[in-house]
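*Asks:* Top line first, the protein sequences correspond to chains A and B.
Reminder that position 384 of the first sequence reads as 383 in numbering that gives the first Met the number 0, one-by-one numbering, no gaps.
Reminder that position 138 of the second sequence reads as 137 in numbering that gives the first Met the number 0, one-by-one numbering, no gaps.
Hints listed in this document are in silico derivations from the structure and should not be mistaken for laboratory results.
Hints may contain errors.
Identical chains blur together in the list; that is why a pair holds if it fits in one copy or across any two.
Once the Cα atoms are required to be at most 25 Å apart in a straight line, the calculated SDA-like pairs of lysine to any residue come out as [unchecked claim]: (1) 119 <-> 208; (2) 215 <-> 265; (3) 61 <-> 148; (4) 425 <-> 146; (5) 426 <-> 199; (6) 61 <-> 90; (7) 208 <-> 139; (8) 61 <-> 7; (9) 61 <-> 5; (10) 425 <-> 204; (11) 61 <-> 152.
Number of protein chains: 2
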Amino acid sequence: MRPPKDRSFIAETIAIGSELLIGGRSDSNSLFITDALGAIGIAVRFKSIVGDDQSDIATVLKAACSRAGIVILTGGLGPTVDDRTREAIAAVTGARLAHRKEALEGMKTRLAQWGRIPNKGQLRQALIPSQAIVLPNPVGSAPGFALVWRGTHFIALPGVPAEMRAMVQQSVIPYVISQYEHSKRQGRQPVMRMMFHTWGMPEADVDAKLKGLVTKRMSIALGLLASPTGVLVSLTTEGERALKEGTLTSLAEEVRARLGEWIYAEGQDTMEEVVGRLLLKQGRTVAVAESCTGGLIAYRLTQVPGSSVYVDRAAVCYSNQAKIEMLGVPAKLVYDYGAVSREVAAAMAKGMRERTGVSVALSVTGIAGPGGATETKPVGLVYIGLDGGGDEVITREFRFHGDRSVIRQRAVQAALDMLRRWLLIKKGNA
Amino acid sequence: MRPPKDRSFIAETIAIGSELLIGGRSDSNSLFITDALGAIGIAVRFKSIVGDDQSDIATVLKAACSRAGIVILTGGLGPTVDDRTREAIAAVTGARLAHRKEALEGMKTRLAQWGRIPNKGQLRQALIPSQAIVLPNPVGSAPGFALVWRGTHFIALPGVPAEMRAMVQQSVIPYVISQYEHSKRQGRQPVMRMMFHTWGMPEADVDAKLKGLVTKRMSIALGLLASPTGVLVSLTTEGERALKEGTLTSLAEEVRARLGEWIYAEGQDTMEEVVGRLLLKQGRTVAVAESCTGGLIAYRLTQVPGSSVYVDRAAVCYSNQAKIEMLGVPAKLVYDYGAVSREVAAAMAKGMRERTGVSVALSVTGIAGPGGATETKPVGLVYIGLDGGGDEVITREFRFHGDRSVIRQRAVQAALDMLRRWLLIKKGNA
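For reference, chain A alone in the conformation it holds in the complex (with noise of 0.2 Å):
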């Protein structure tokens, strides 16, 4: 086993918190410093989560020193008994913990703002180990700090995000760019990544289609991820490695060509946020009709800042009284073919779109389970129609795996593909 030649350029992440063994949270801290570092030439190769034991995060330093040139650690800084990370730093490095002035000062200027001074375990947020920088805090009480330790740079960090996010802005990257200004010069370049999300095409389809798209002497990763919400093709290149002039930009292009409208959106852009670019830019309204979904496809539309441009209201009909009065689905539909049924899908979309003059309305209806399914009808059967004011209401009928959480993700998801492919057609057709 080689170990990293150059650990300089390779980071690590700690987060610490026994909650974090056991609460089920996405490390959304990590991910922020990855994309942060990797803007500056830094891949975060590793990542450790650890819970508040002393001991424990000692051990996890020691490993994370020996593997990686720069250590961000988040949490463990707050103002309780449990928060151990400034003892563990000191203890492993064997400095000394002591109040530094900067750090108290800072933390009372913030409080002093809110009317407040520290408290006792506030005042133990200023115990800063000896050597280290202190790193300001500009959101909340707890400063951080950066010391380097046998040739590696750790830095901790409160694990609040806003506070994370604003330190590692104002405070880590240009601390970090310092330190390393030398090898900068020598010309190492960032670390790229695209990323493409795909929906509607299973994982092994995506793989055979991108069949000996990336070569070995690339030095650029292809990475598959499948999800309930589709399947995330990246590439990103080898830190440390020169990459040859435009060749992320040309296997981009391939990567486009191979998969084509199956990619609905790159980078950090979301489907709803190019469903609601699209409505933006041909001036069009929409409402949605929904009932196993249960409102998930309006919430993930207005998660879009300025989304009330577009989106008029949406109908969350549950019940089948619901269907009829909301948005005038015929009560002998509903008996003649079942709620779940392209016809009372086909209904509730036109119902949507006349009643509200939008336009282009949107239903889902199916059965999310576990309970609810019959003979003819399963768990995971769901339809959707889309009605754009044209002759008819467009419908498909989809039959979803997994759980009653994964089938309404995957309806969501199917529902807003849906109206995106529609909007790219109209678009053609302007």
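Got chain A sorted already, so can you dock chain B onto it with the hints?
*Replies:* Here is chain B on its own, set in the frame of chain A:
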């Protein structure tokens, strides 16, 4: 620094996959493993995430071996050349990789059920390190395996959640129990954890209320974790140490006594499940009128299987016109007070209840930002209304901090909690 004295009962999870470093998924696999091992007395104290680089995986394996007696790896067992877990384990442990008969046969049997035969990539999945035990995969094609190196058990599983879960239950837990049978007989007890979900009280206040509750000698850790949906309080027994009979139970009682109705749920329970059970027990139905929350209240309520019994419908009235048409909010009210006002919140709840005849209607109107603020109405201002058919509609004003997504999440939680507290009072009166 003391190294862990006895690492036999310490576990580590390692999630393998470059996409996990950049992808932003929550690592639900490791949480499942944490629960499953916790139930048999083994604490997951470390979690690592590493990319598909063989040498990086090896580095992580070695660090894990030094601190954990059980290491469970997920991912990197797929059919593509990106999948490097097998090779990394073989290289680190000095094992040879060879096609194993039982692995091949299990795979062939499974694929035959789908009318397929193994392709070249899938055949790679039957490569198993010498001396490892094959762990059959009852759901997918890739088998897992377990081997012992330097006293640590390494267990490799596929990363696909459904496959990983089935294998943990059917193979990993029995394997670990059989390995630990001897120690278990010596009276080792399972790790126990109790969780209390609170809403509406700042973390510092929760901390203050719980002051002095847990002392060092109790062998129980008290954890607090703040998030947009409230503060999670947890009590976790420390796996290696014996616990005094009844300690956890009496501590839990004390947490309940100190936090009272601020606790909205315990354990794996969610707000929507608690609210759903109250509605069901009381035979009440609910309808929701949402503006800034965009459908998330309805989505969360309907996330509970069987919720169609008590959720009648929801209206997402994003435009003023929708509020007037769907809920009968007087246009004059919107004009006089603005859409974001106590008056409109009340009219939305009242309109929804009267139009539907449900027992209780909930409404939300607010400014989620980043746009939409005025001189008198800042981003984060939210009004929630509740009409339970009494003389007056209950309304409350909130001023939330955070970005658009956080404000929306807090507004949803506040609305559901208002409904919960209202139902609790009704229950008390019944």
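*Asks:* Now, for every hint given, state plainly whether the structure supports it.
*Replies:* Hint check results:
Proximity of residue 119 to residue 208 under the C-alpha cut-off of 25 Å is restricted to the inter-copy arrangement: shortest distance 16 Å between copies versus 61 Å within a copy. Taking the shortest alpha-carbon separations for residue 215 and residue 265, only the intra-copy value of 24 Å comes in at or below 25 Å, while the best inter-copy value is 51 Å. In this homomeric assembly, residue 61 and residue 148 come within 25 Å of each other (Cα to Cα) both inside a single copy, at 10 Å, and across copies, at 21 Å. Taking CA atoms no more than 25 Å apart as the test, residue 425 paired with residue 146 passes in neither setting, with 57 Å inside one copy and 57 Å between copies.
With identical chains, the CA atoms of residue 426 and residue 199 are at most 25 Å apart within one copy only, with a shortest distance of 21 Å there and 47 Å across copies. Taking the closest pair of Cα atoms, residue 61 and residue 90 come within 25 Å of each other both inside a single copy (11 Å) and across two copies (23 Å). Taking CA atoms no more than 25 Å apart as the test, residue 208 paired with residue 139 passes between copies only; the shortest distance there is 22 Å, against 49 Å inside one copy. When the C-alpha separation of residue 61 and residue 7 is checked against a cutoff of 25 Å, the pair qualifies both within a copy, at 16 Å, and between copies, at 20 Å.
When the C-alpha separation of residue 61 and residue 5 is checked against a cutoff of 25 Å, the pair qualifies both within a copy, at 17 Å, and between copies, at 19 Å. In this assembly of identical chains, the alpha carbons of residue 425 and residue 204 never lie at most 25 Å apart, being 28 Å within a copy and 55 Å across copies at closest. In this assembly of identical chains, the alpha carbons of residue 61 and residue 152 lie at most 25 Å apart whether taken from the same copy (12 Å) or from different copies (22 Å).
Violated hints for the displayed structure, listed by number in ascending order: 4 and 10.
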